[in-house]
Each structure stands twice: as C-alpha cells, then as structure tokens.
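Please model the entire structure based on the sequences and the hints provided.
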Amino acid sequence: MRYILLISMLLSLLGSSYAQGGDNDLSTEKLQKEGLTLLQEWMDGMLDFQCHGLHEALDGGVICPACARMHGRTGDAVLPLMYLADKTGEDKYLDAAIRLMKWMENVHRPDGSWMNDVNVSEWNGTTVFAAISLYEALYYHGHLLNDSIRSHWEQELLSAGYFMMENPFIYSRKRVGMRNMNVNYSASATYALYAIGEYCGVPSMKEKAMEIAADLKFYFTQKNCFLFGEGPEIWKPTANGCFPIDLLYNVEESLPNLAYYARMVGDNELLALVERSMKTHLEFMLPDGAWDNSWGTRSFKWTYWGGRTSDGFMGGYYALASHNPEFIEAIRRNLHLLRSATYKGLLYGGLHYQVTGLKPCIHHAFGHAKALASFLEQPAIETQRKPLPRECPYGVKYFGDIRTWLVAQGAWRATITGYDAEYKVKGTHPMGGALSLLWHEKAGPIFAATMNSYQLIEAPNMQTSNRQYLMGGTPRIEMMAGGIAYTNLDDLQAQVSYGMVHDRHRFDVKAHLVDIRQKVPNGQIIPVGIHYSISDTLVSIEADLLESTYLMLPIISSPVECVYEQAGKIIVQKENCRLKINCRKGKMMVLPTDEDGRIVNPVPGFAFLPIKVIADNKNVCVEIEVE
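Each residue of the sequence shown is one higher than the one before, counting from 19 in the numbering used here.
Incorrect hints may have been included.
[As the list claims (entries may be wrong)] In silico lysine-lysine, DSS-like type, Cα no more than 25 Å apart, as pairs:
1. K48 - K120
2. K224 - K235
3. K192 - K224
4. K254 - K241
5. K254 - K192
6. K192 - K235
7. K442 - K460
8. K630 - K603
9. K404 - K51
10. K442 - K254
[To be verified] What follows is a list of derived Cβ distance ranges for each label pair:
11. Q402 - D521: 32 to 42 Å
12. S566 - E287: 53 to 63 Å
13. G517 - I543: 25 to 35 Å
14. V519 - E229: 17 to 27 Å
15. H354 - E400: 16 to 26 Å
16. A585 - H341: 53 to 63 Å
17. Q473 - G517: 32 to 42 Å
18. D521 - A290: 57 to 67 Å
19. G107 - Y487: 43 to 53 Å
20. A86 - N540: 38 to 48 Å
21. K362 - G219: 23 to 33 Å
22. A75 - G375: 24 to 34 Å
Hints are computed from structural coordinates only; laboratory data are not their basis.
Here the structure is a predicted model, which is why all the values come from computation and not from measurement.
Positions of the beta carbon are idealized from the N, C-alpha and C atoms, including for glycine.
Structure follows, in structure tokens:
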C-alpha cells in the first residue's frame, strides 16, 4: 500500500501526459518479469542447499558452497521466499521460509537480536537488516501463515525492535564509549524501527526512528550530497577535504532504507536529500550496469555488480523512479549484469569467479534477492527511457568530497582518485592518484582496483582463493624491498592536477612510494610521477621512475581470451574487439601466472594478465587502444 500511494501521488503531480508518454515510453512490467525470473532462479538455487532431515539443528539451514557453513544472515531470505510463495502459489517456497525461520533460532539471542554467523563472532548489528526482511515478509505476505507461526514471527520482530532501540551502538552517531559503527546501520535503523513501531503499535520506536533521522540529515556532504560515515573519522574532513564514504553501502542499504523511512513518516526534507544523493551516486554506474566502487572506503567487498553482503539498490531506487527514469535504466542494466554472473541458480562474487574456479557464496544470492523482491513488490509504472549519466561523453566531472575525477570521453570511461579517507583498516582502497577504473564500450572493464593488500578484513563475509598467485589489480608504480610492496596507492599526500592538452584529458600525479602504513622503504623517500592522457581513440600512461621501481598494469582478461605478444605489443582478443597494449618507452613483460595464464583477485572478482613495465632511461610510456 505504501508504494501504491506514493506512486499514484507522483503520477498525479506529473500530469496525465507523462503517463501516456510518447514513442520512448516503457512500462516496467517486462522488466519486473525479468526480475521475477531471476529471483525464482536464485531462490531455487538456494533451496538446493537447504538441509532436510540430517539433524534437527541443521534442518532448514542453508549450507554455503563457498564457505562450507551456514550463514547467520540466511534468514534475510524470508522476504523473497514469502514473495514467491504468494506470487506463484507454490508450497515449496512457504515451507522453505517456515523451516528457514525455524533454523534461525540457532542464531537468535535472548536480547532479541540475531547473530551474523554461528559461533564465528558475536556480531549482532545485522539484526537491523534481518528485521527489515521479516517486517516486509509479514506486512505483505503474513496472510499465508497460520496464526501460531505468524504470532511467533511477530513476537520475534517486536523483540528485535526493542533490541535496536535499547542498544545505541546500532544507531548513534556520537560514538562516545561505543563501537565505531558505520552509517548503514543507523540509516537502516530509521526504517526498521519506524516500520516495527507502526506494525506492532509501539510509539516509542517510531519516536526513536525520527530522532535518528533528524541527526542523519547532517551526514550529507555539502558539495556533492554523498552520505558519509562509512569509516572512523566522521567529524572532520581529511587533509584533502574528504569524508568516509562507501558507494555500495550507501546505494544498497543506507539510501534505500532512508527513502522507505522518509516516505512512511512524510519527511519531505529528508526525502529530497536522499533523492539528490541517489542521483550523485548514480553518476558512478557504468554503462554495463556495474557500480564503480573502485574508490570507496569499504571497497574490499566490491563485486563489480554490487556488494558482497549488502542488500542491493533496486527497491529503493525504484521507489523514486516515477520522476527519475534513469533509476529504472539503472535497474535494467544491473539486472542484466547480475544475470551474467549467475550460474546454476547461484550468484557468483565476480564476473570471473566461475571460469577461474572460485566458488559462489550463497550470501550474494539471498542478500540481493531482498532488494529484488522489494522492487517486485511495487506496481509497474510507465516512464520514459533516459540514459545513465555516465553513458554521455561529457568529458570530465570532479567530485570534491571524494577527490575523484570521472572521465567520459568517446568510448572510454575512467576514474582517477586521490581519495584519502581511510577505513578502520589500512589499504582497503587505492589513493595516490590511481587510475582505479578504466572501461571501454567494446572491451568492457580493462582496469578495476582491488585492495592495495588483500586481507580478510571481514573473514565471514569474504573469500579466499586457492590459486597460487594473488596480486593487486590497480595500475601502480611499485618497488619491492624486504618482501614489502611500496607503491603510490597508499600515498595520502599525492598531488593530482588536471587539464586539457590539445584534444586529450591529462592528469599529472606527483607521489612517493609507501606501504599501507605510510612507511617508506629503508627510510628513503622515493618520488615518482604518473601521467594519464585520455582521448577518443586511446589512453596513455606515462611514469617517471627511479632505480628498482616499475609500472604494474594488471589487465582484466578472462582465461578464455587469447593473448598475443609482438614486438613491443600485447594483444588481448576480446569477444568483439582487440585490446592492444603498446609499449612506446620501456620494456613490457608478463609476470608468472597460474596454469590458466591469469592471476585472480577475489575483489572485485576479475582475472588479470599481470604486465610489468621496466623503465628505459627512467621513463615508461604505454598506450592502450581498442580496435
């Protein structure tokens, strides 16, 4: 009902001509049918791993093929399962939902919370997201349950509400004497508490939600309207004026849940902030539907199509799509990308996971199924087709709040970042004037940043690789000393300048080599320079090097792609084009790889061709083109 009322109101404001449209009008009905097909595929795939009859403690639980255990957050799948039970009338989905919630007693605590995992950690902050799933399952589909089961679920929902309300670490931004909580928890608590308060008739929960929301209005940046708070330093900007921001947690949890809350309570001021912020974040979606989180504070859980353990953006963006048709286009593109990463009913954690032998974590499917179900709960609308912001070859856009430049020139899309807001753990994202992403309309992703040093920062929510080699995927200047890598990627003091040189966008970077703790090799400061130039036809990377330093270019390439080496050239045969790496100065070589000729990094889930470029007279120059 809440969706229908909002959309009806928006359509009436926009006028009848909008609803009737013209030649470019589209109904979202077909898109939602595609979403339904994928949702059913994911849930059927998940049910293949749901336990039956092995032991009462295991019955209803879902075994993860990648992690070889049962994730405590699997209960979030109650919403998509109940949706499918209602939509299809098939008893298997209702039965699966009931048995799943029964298994969730294994991670349910006396204080009303649910643990993130079984006997792995004591983390129960994710109760916020479990509660939202359970609320929406009951609100929309509770009529499918008998009185006893529905009453039990409602009691657990109420207990979860009291847990959140009585534990300020979930929602407080003051952080005095508490854990350093990220903003996705407090943002999502607004919707969770208000919804539970409304459903269960507890006014104090609604009041607490309104209190939290009032505070969160101050956590949108002044220049670009990013939501910030995904990191420890939230009261003051960095030396370069940046704030702790993570694209994926914002678009896949915080902003959608804030939108749901703002609509329920009628907070138009907050809704306007959220809508503006959604538009800012959408600037970072690539034309193929990928989210460019190559720079975010928590990009260690970036999967190219989204976040490993966040919920997805579709429902929240669709809720405001009636007068933002580009939001629908974002859903369409991302849905197709998600399908391309789905095999045998399971969503793999990267586009190259399946072809390189990495197993699929069940978390990806049931987490993003929530957002897909929330999208499908809403009625179809008529809207005009509008391109994504990054589809348009606009040249360069600068986002000062994250010190990051987006380039859209011809068929190229690039991201250059000097973002210096660090997470609680060092080395989670590139800094230092990195070319954190390079994409071409024919070749697809060519560069995509990884963690500067791969670490299991959230071991229950990340994956290891059983392959021999592991390396960073971000282009960089590097040297090794004492077994430690020193690069420009962790340099907090790097200088980045931009200008047009003839018909090219040119970025000049002055940096020095440090490790992830800002230490220099052997106490020696080593200055380096990087120069990027981007035109319609090619991308050039030049580097000013000193002795023992070199340029690393990890080229994204599936093992099924043929690679040819010629004099001064490396050619990668893509599906629809040839990617050419031409060495104009220096010497290129391909470093050792696994047997399939590639090195895989679990984040964001690509295979790389590791190219090392050695200086010729202290300078290297490489040109990249597509034909």
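Tell me, which hint numbers fail for this structure?
-> Numbers 1, 7, 14, 18, 21 - these are the hints that the structure violates, sorted from lowest upward.
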